[in-house]
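Listed below, chain by chain, are the residues.
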Amino acid sequence: MIVLKNVYKCYETEAQRIDALRDISLHVKAGECVLLKGASGSGKSTILSLIAGLSKPTTGDVVVDGKRISKLMEPFSAHFRRENIGFIFQRYHLIPTLSVRDNIALPLIPENLTAQVMEKRIQEVMQLCAISHKASALCRHLSGGEQQRVAIARALVNEPKIIIADEPTANLDAVLSEQFIETMHDLKKRGVTLLIATHDSQFFNLPFVDQQIELKNGVMIS
Amino acid sequence: MKFNIYLLEFALFSLMRKGAKTLFVFFILTFLIFLLASVLFISDAIKHELNVSIEHLPELTLQRLQAGKQINVPLKRVEPLLEIEGVASVIPRVWGYYYFKVAGVNFSVVGIDAFEQSYKASLQNVVDAYDVKALEKEGGMIVGAGVKKILEENYYQDFFNFVTADGKWKRMHIVGSFNADVSLQANDMILLPKKSAYEIFGMAKDEATDLVLKVKNPEEISTIVSKINQKYPDMRVVTKEDIRVSYQNIFDYKSGFFLSLFVVSAFTFFMIIYDKLSGLSSEEKREIGILKALGWSMDDILKERFYESFILCFGAFLLALALSMAYVFFFDAPVLRSLFVGYSTLKPSFELPFYVNIPMIVLLFLLSVPVYIGSVMIPSWRAAMLDADEVLR
Amino acid sequence: MTLTPEIIAILMLDGLFLFFSSIAFVLSLKLYWYWDRDATSLLQYRLEKESYLVGLIIKYIFMLKVPLFLFFIYTCDTLSGIITGAMCAAGVVNSVDFGLFLLLFKLLNLYLFGFWLLLHVRDVESELQPYIRQKSLFFGIAFFFFVAEIVLEILFFTSLNISKIVSCCGTLFSASTQSSLSFLFLMENWMIVSFFYASFVLMLVGFMVKNSAVYLFSNLLFLFFAIVSLILFFSTYVYELPTHHCPFCLLQSDYYGVGYFLYATLFLGTFYGICGVVISTLTQGFILRAMRLSIFFNSVYVLIVSAYVVVYFLKNGVWL
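Residue numbers (this note's numbering), protein chains in the order written: chain A, 1 to 222; chain B, 1001 to 1393; chain C, 2001 to 2320.
Keep in mind that the hints were calculated from the coordinates and are not lab data.
Do not take every clue at face value.
To be verified - The calculated DSSO-like cross-link candidates involving lysine-lysine, where the alpha carbons are at most 27 Å apart (straight line), are:
1. A/K71 / B/K1227
2. A/K71 / B/K1205
3. C/K2315 / A/K71
4. C/K2059 / B/K1303
5. B/K1303 / B/K1076
6. B/K1069 / C/K2164
7. C/K2164 / A/K71
8. B/K1227 / C/K2164
9. B/K1303 / C/K2065
10. B/K1231 / C/K2049
11. B/K1002 / B/K1227
12. B/K1303 / A/K120
To be verified - Rough simulated footprint, nothing fancy, chain B against chain C, three-plus residues with beta-carbon under 8 Å:
13. 2003–2009
14. 2012–2018
15. 2027–2040
16. 2141–2149
Note that the Cβ used here is the ideal one computed from N, Cα and C, for glycine as well.
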């Protein structure tokens, strides 16, 4: 499903050159749940953004669901990302001045679906994430847990094959973390491929995790 | 490719969310387009009215020139001119400007005669309405509405004292006033018997200010003109067509002048908009990063921004158009119309006729909307170019 | 120099076009020299983004050029009011030596920009965007034609002389020796009309056997003979006057603006026929659609001009 082959990624500014990733190769099968472990700055987020097609590797290949996304031109990579990937950010990155419903609808707008199909999908994910009762509330008025549920709903609304979560439980208490893990388990049961970057130990011993990859200074150490 | 109405909807709400910034740009745009539209409307309305009034003018006006300046025409030239084939009538006119020092305005003084045909139908109506012979006897005159107002302001209720060319006083009684059908021309006019006109201007009785010719067949005008030129080389012939062209040129010059100023201000506005939009707030950058991360392509973001700009600009265009029409045609365009209506003649209190046509609106559109869209094009592209990755870290 | 509001609007937009097209030109050159699909350098990523801007600018210019072309004709029409002797746009255009050149340049640039956009649409449909270099090279060349048009237009408006007497379309589009177009009238009407219909038949043949070379060639012929036959023959049936040949007067409201419709169909038909076919040699799968669109618009054109002739004959029982 997801293949990284000899990937290097470096960021160049006027002042310096940062090697974020060095010679990373990994393989994720469809339906697997993979954890990316490592301290901050180890390169976890970089790998996730490469797989989502948000950035391109300096050298090496990234292949997702048979498509070489490292070589895809912009409109096609955006289209691919929209269809196949749901991203849950560490800081959720919701648009605060939009309502819950409108935030969730955002990935659907470029698809230009009929109004019925669009509404159906939005209602489905809102129910799944138990946030229907706050549909018209502005996101800036929501609590942390509610915002996270909106972020999850938004990631699911396009019915993606892959869910990518970057430090999803960093801002949550124990109860909400557990709820999140439950949701991930449900998704795995449905056959969704999961990639979770985290240094939360709650995840390390979960039975449904298939692979654990540890990173340090941009290099895979396990 | 199906039209994406959700993008349009998003653009509309995005504008509303931006609030103050949107309003600022909207007001400035509306104001600029309003100014432009008003000037064009006024100019076109006056041009249109003048073109209508020109229809009433005689086909040929003959003036005598000496050293490039106009002098009086001897009346003995009338007969030989009547002998030219195709000339229907020759009417000598006695008229001029009288400067009323106290009010600082010029009156147009026109001499009328009981037995002669006036060159203009509306004047002829006045002549028929009043007994010119009686006017001559009692030294009476008929004034336009604007004149009456000025005289009343200067305490002249029933009469007026002209100062003649040799410094003597000549009292003329105000017998009546008229509202000509074309207010532009007649507002500052005084009609009085030719005899009195001669006295006031100190003109010799065997002269006229100019001659007005009517021709039997308008197609023959150029032939008749060349014959007149041969007979009297010192006479200049002004045709109706010449007047129409010169009016069009004056208006085009005046509106062109204003327009050049407008283009300069539009350019300045262009720069301001460019500057303002180039600097995206961190909030806006974040929003674009989020959209891109969610699968919006550069194309979608560009389209959305284009819709925003177009809604803003087109909305301002429509509003400015409506406001301008109200300003020009309902309120008669106070302040701006002095651009076009002269300074030393009496300011006529006329209504601008309603005259709007499609090419004018197209012109207004071309002068505003493409300029604005052009100014937001590069900033929008810069915004859409942002890397989601960099912004969301 | 006369500075009517219309002229100022056109000149101002010309200035904007010059500014933006220069940016597009510089970017196109960069794209042509440095584009490397397989590179992963910062430069390549930047180029990918800049290729967007080029497309944006050209779309902007083209969207305005089309109405502006009609507006130019309208402006010339209003100027005829102050230029002695000119009764419609024809006289004004011809009052300047290169007026006709300017008009032809404008038309040519419409074709060139349209061609670029057609290529661009085909290009972005593909994930590989294989025509970036071709597009960039093409625009690099087309840019000079565009600048020439703008320069000519500025010179045109600045050299308009209101005191010079010009010929009206009656003289211009006639066999009189004063007219620069009199050579057209040396040819016999029946010859030109035959060539016109012959080129259309050739086009139908090319369409049926799906041969692009024949189709392209027939379109080029068709364009030429359509314009000439319109001036010499068909316009007289629109005006119902054997001496009135002016192609501009067709745009006036007296004839219900049929000129706009005729020119639009002729342009669209020949555009798809010429540019569409050329593009199909580069990209596959477009040829059928291009040919169909082209034959449709060209047929509409032929039908309308023929209809005027036939209706006249049916109404009056004689030819003009």
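The hints, checked one at a time:
The hinted pair formed by A/K71 and B/K1227 fails the criterion: a straight-line CA distance of about 85 Å is larger than 27 Å. Taking the CA atoms of A/K71 and B/K1205, the gap is about 98 Å. The hint is violated against a cut of 27 Å. At most 27 Å may separate the alpha-carbon atoms for a hinted pair to count; C/K2315 and A/K71 exceed this at roughly 67 Å. Straight-line distance between C-alpha atoms of C/K2059 and B/K1303 comes to about 12 Å, which keeps the hinted pair within the 27 Å bound.
At most 27 Å may separate the alpha-carbon atoms for a hinted pair to count; B/K1303 and B/K1076 exceed this at roughly 78 Å. Straight-line distance between C-alpha atoms of B/K1069 and C/K2164 comes to about 25 Å, which keeps the hinted pair within the 27 Å bound. Under the criterion of a C-alpha separation no larger than 27 Å, the hint pairing C/K2164 with A/K71 is inconsistent with the structure, at around 63 Å. Restraint check for B/K1227 and C/K2164: the C-alpha separation of about 22 Å stays at or below 27 Å, so the hint holds.
For the given pair, B/K1303 sits about 20 Å from C/K2065 by alpha-carbon distance, which is consistent with the 27 Å threshold. A distance of roughly 77 Å separates the Cα atoms of B/K1231 and C/K2049; the hinted pair therefore is violated under the 27 Å criterion. About 70 Å separates the Cα atoms of B/K1002 and B/K1227, which puts this hinted pair outside 27 Å; it is violated. Taking the CA atoms of B/K1303 and A/K120, the gap is about 26 Å. The hint holds against a cut of 27 Å.
Coverage of the segment 2003–2009 of chain C by chain B holds in this model, with 7 residues showing a Cβ closer than 8 Å to a Cβ of that chain against a need of three. Look at the segment 2012–2018 of chain C against chain B: 3 of its residues bring a Cβ nearer than 8 Å to a Cβ of that chain, three or more, so the hint holds. For the segment 2027–2040 of chain C, the stated coverage by chain B is violated: 0 residues have a C-beta nearer than 8 Å to a C-beta of that chain, whereas at least 3 were required. Evaluation of the coverage hint for the segment 2141–2149 of chain C: breached, as 0 residues show C-beta separations to chain B shorter than 8 Å, against a requirement of three.
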